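**Student:** Here is what each chain is made of, one letter per residue.
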Amino acid sequence: MSELWMMIGKRLLYGLLTLFIVSVIIFGASEMLPGDQAQALLGQSATPETLAALREQLGLNDPAPVRYWNWLAGAMSGDFGISTSNQRPIADLISGRLYNTMFLALYAATLAVPLSLVLGLLAALWRNSIFDRVANASALTSISFPEFFVAYILIVWLAQGGHFTSLARIRENTTFVQRLDMTFLPALTLTLVVTAHMMRMTRAAIINLMASPYIEMARLKGLSPLRVVLRHALPNALAPIITVVALNLAYLITGVVAVEVVFTYPGLGQLMVNSVADRDMPVVQAISLIFASAYVLLNLLADVLSTLSNPRLRHRR
Amino acid sequence: MTDAPLLEMTDIHIEGRTGDDWVPIIKGVDLTLQRGEVLGLIGESGAGKSTLGLAAMGFTRDGCRISGGKVMFDGIDLLASSVGTRRDLRGSRIAYVAQSAAASFNPAHRLIDQYTETPVVHGVMPRAEAEADAVELYRRMQLPNPEEIGFRYPHQVSGGQLQRAMTAMAMACRPDLIIFDEPTTALDVTTQIEVLSAIRDIVAQFDTAAIYITHDLAVVAQMADRIKVLLRGDEVEEAPTREMLAAPKEDYTKTLWAVRSHQRAVQPAARGVPLVELRGITAGYGRVPVLKDVSFEIHKRRTVAVVGESGSGKSTAARVLTGLLVPSAGEVLFEGEPLPPDFRKRSREQLRQAQMIYQSADTSLNPKLRLRALIGRPAQMYLGLQGAALDERVRHLLNLIELEPDEYIDRLPSELSGGQKQRVGIARALAAEPKFIICDEVTSALDQIVAEGILNLLDRLQAEFDLAYMFITHDIATVRAIADDVVVMQSGKVVEQGEKADVLSPPHDPYTELLLSSVPEMDPDWLTRLLKERADIADG
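So the protein lines, in turn, are chains E and U.
Numbered according to the numbering used here, the first sequence spans residues 1 to 317.
Numbered according to the numbering used here, the second sequence spans residues 1 to 540.
Derived from the structure by calculation, the hints contain no laboratory data.
Here the structure is a predicted model, which is why all the values come from computation and not from measurement.
We put the beta carbon where it would ideally sit given N, CA and C, even for glycine.
Certain hints may be false.
What the hints assert, rightly or not - Short derived list, chain U residues pointing at chain E, Cβ under 7 angstroms:
#, residue
1, Tyr-96
2, Ala-98
3, Ala-103
4, Val-121
5, His-155
6, Ser-158
To be verified - Computed from the model, here is a short list of chain E residues facing chain U with C-beta under 7 angstroms:
#, residue
7, Pro-213
8, Tyr-214
9, Met-217
10, Leu-220
11, Lys-221
12, Gly-222
13, Val-228
14, His-232
15, Pro-235
16, Asn-236
17, Pro-311
18, Arg-312
19, His-315
Please model the complete structure; the sequences and the hints are all you need to start from.
**Tutor:** Structure (structure tokens):
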């Protein structure tokens with residue numbers, strides 16, 4: 001058992017190392033851009049004197065490693081600095097939107113993950129049947145359309161009929177139920193986008209195992225096909241499924257800009273795009289770091305869970 | 001009880017799909033089995049033994065279909081019955097024991113969970129009762145710690161124990177019929193005996209009928225009441241075991257019986273500086289030593305057979321010789337000169353002198369290369385041959401391994417039979433013009449007649465090119481056929497070595513004795529006698 005914890009500890013260390021490297025890259029990349037924070041805050045008309053004073057005040061004259069360290073230390077304690085476009089603390093700017101993004105991602109995931117697992121299992125069970133073909137074809141169709149297109153189609157179909165609202169304008173006082181209702185269409189759009197990948201991986205992982213001797217053995221024990229798939233194939237197919245689910249969850253957190261824009265949903269993606277347009281580097285840095293952490297953490301989690309799903313590693317000789 | 005047979009298969013035809021065509025695998029075979037009777041089904045690989053065995057359960061593998069015939073099991077027409085009826089019979093009244101228990105147990109579940117699944121799903125007994133029953137059957141199968149072995153995962157249990165646990169699992173519902181599909185083929189000879197005797201006892205205790213599939217005549221002689229011989233999907237002949245052993249009627253059966261005939265002329269005694277020498281080698285993976293102070297010599301023109309069970313360190317010794325594994329102590333000498341322990345530090349000339357032939361020609365030949373490139377590449381790399389000279393060399397090598405160059409030079413490995421692939425492996429080793437070849441279980445995956453051809457070829461090439469062989473094997477019959485000297489290994493140590501005649505004739509080291517006495521003999525009373533002898537010794 002201790003070896004297992006060693007392995008998990010090692011993965012954690014690698015995860016932290018990856019995050020550190022990513023933070024260096026994010027910081028370095030914005031360093032390379034022309035102009036600095038003082039210039040951005042004061043605008044083109046600022047005098048050299050005021051610029052110099054502000055630079056002094058913000059510590060912009062310190063060498064890069066020191067500034068990097070200060071930035072990282074701040075970010076660790078939740079202080080990402082000040083937005084250059086509206087002079088507000090970035091932490092305030094982000095926190096509400098981070099919640100919105102996580103809410104939508106979780107909402108979509110609770111729809112998409114069970115759906116794709118069940119579809120994938122059934123497609124593997126009834127391989128090459130009509131069901132399999134239809135499920136595959138529709139999943140592929142929905143993944144092949146651009147997200148915004150899927151979103152507009154859903155709006156035309158569902159919102160025009162008055163069933164759901166096409167605008168997800170969340171406010172402070174929106175209740176949880178209202179929120180679920182308002183974000184249903186964006187969540188459905190995202191579900192359609194990510195289901196194909198997870199479903200096909202589930203199907204492939206299970207079919208891949210169906211030729212193994214222990215599956216033949218299970219069939220020769222007179223077990224029903226459903227039991228063979230659920231009890232004998234699925235536990236051994238978990239590792240690839242977990243990995244692809246984690247990848248898609250990360251995508252749901254970081255890749256939803258188009259959907260946020262279509263539904264005017266106040267999430268991180270929108271803020272990121274706006275900040276890039278405004279050259280608001282501190283905000284871009286903060287969001288990049290959050291997105292990178294989401295990827296690293298989810299992949300780390302997937303690694304650990306797939307390791308745990310392997311009985312050879314869980315139960316040593 | 002009626003006198004009707006338990007199982008009656010008539011005029012069975014089975015086809016397998018290759019591309020768009022259906023090719024016959026079983027061509028009209030009949031099979032009858034009485035209650036409590038054991039039928040041995042033998043033949044070479046590809047003869048259709050497993051296919052026929054599975055058909056007795058009304059089952060075919062993917063890509064196969066039963067295209068004709070009738071399977072009557074205890075009055076039920078299996079092929080005409082519903083999927084549900086067949087499913088109810090499988091596991092409960094007809095059970096299956098697979099060749100590799102290690103692959104056929106689900107790695108994700110404990111043994112006892114897999115055991116109880118069948119009786120619980122078929123409604124034979126509740127889970128708690130099934131668990132108690134499992135312990136009882138584990139005990140009868142002579143498994144160590146029957147109380148708790150079921151609570152282990154398959155990877156925590158040895159191969160021989162798994163095979164017995166699988167037999168116990170097949171017994172869970174006390175079926176009327178068990179299909180044993182080569183249950184001991186993957187096991188070492190000493191383990192095989194335990195499994196064979198456990199299977200034989202339990203089949204007799206419960207009066208279970210069985211179809212015992214194997215390619216090993218000596219094994220089937222111990223297990224079966226009757227023997228049926230198959231060849232390429234056709235029945236050759238069938239007779240009670242003793243009758244068949246005493247007087248096989250058909251020519252094919254006679255060749256099976258007579259196959260272990262390869263005899264090697266006695267070579268002059270070794271002298272002078274050995275060609276290859278391992279001196280005090282200790283090596284392992286990680287911190288666990290696999291070889292402990294291993295020394296032996298291989299002389300020019302001689303064949304040294306390295307024998308031992310799986311895990312004894314035979315292949316590791318070969319890896320040290322070739323420099324793939326750097327030993328922690330000891331050295332490898334070639335013609336008296338020490339070789340660098342790491343193959344990366346050896347000169348091309350040093351590398352050229354020692355070549356390898358692998359057990360599985362299927363996986364050791366690049367499937368994308370034609371024979372021209374497969375055999376030509378070492379000749380090009382070591383000898384610098386190009387163009388017409390290279391072509392000439394490859395053709396010459398193909399002639400040596402008795403494959404017609406014009407016909408074979410542009411073939412892919414997938415267009416060859418198993419024996420032909422192994423011949424290509426030999427040609428590839430020869431292409432470098434080595435003085436020494438390591439043959440790692442080169443005949444284990446082959447049928448006896450094909451293996452015989454390979455051994456003859458190796459023998460001829462040895463005489464022609466003055467080669468020395470290190471022949472790694474677990475099969476004593478092969479050792480008798482090909483070796484000059486024998487090195488017996490057990491758990492990483494050399495327990496005995498010397499000239500074949502000395503090692504294989506008494507007095508023996510106790511382990512060599514165990515190994516030799518465990519090799520099944522054709523005599524149907526061999527197993528009974530051996531077990532009695534061993535019991536007598538144990539009783540003092």
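**Student:** Run every hint past the structure and note whether it holds.
**Tutor:** So, going through the hints one by one against the coordinates:
no.: 1; hint: Tyr-96; verdict: 4 angstroms, holds
no.: 2; hint: Ala-98; verdict: 6 angstroms, holds
no.: 3; hint: Ala-103; verdict: 4 angstroms, holds
no.: 4; hint: Val-121; verdict: 6 angstroms, holds
no.: 5; hint: His-155; verdict: 5 angstroms, holds
no.: 6; hint: Ser-158; verdict: 10 angstroms, violated
no.: 7; hint: Pro-213; verdict: 4 angstroms, holds
no.: 8; hint: Tyr-214; verdict: 4 angstroms, holds
no.: 9; hint: Met-217; verdict: 4 angstroms, holds
no.: 10; hint: Leu-220; verdict: 4 angstroms, holds
no.: 11; hint: Lys-221; verdict: 4 angstroms, holds
no.: 12; hint: Gly-222; verdict: 4 angstroms, holds
no.: 13; hint: Val-228; verdict: 10 angstroms, violated
no.: 14; hint: His-232; verdict: 5 angstroms, holds
no.: 15; hint: Pro-235; verdict: 4 angstroms, holds
no.: 16; hint: Asn-236; verdict: 5 angstroms, holds
no.: 17; hint: Pro-311; verdict: 5 angstroms, holds
no.: 18; hint: Arg-312; verdict: 5 angstroms, holds
no.: 19; hint: His-315; verdict: 5 angstroms, holds
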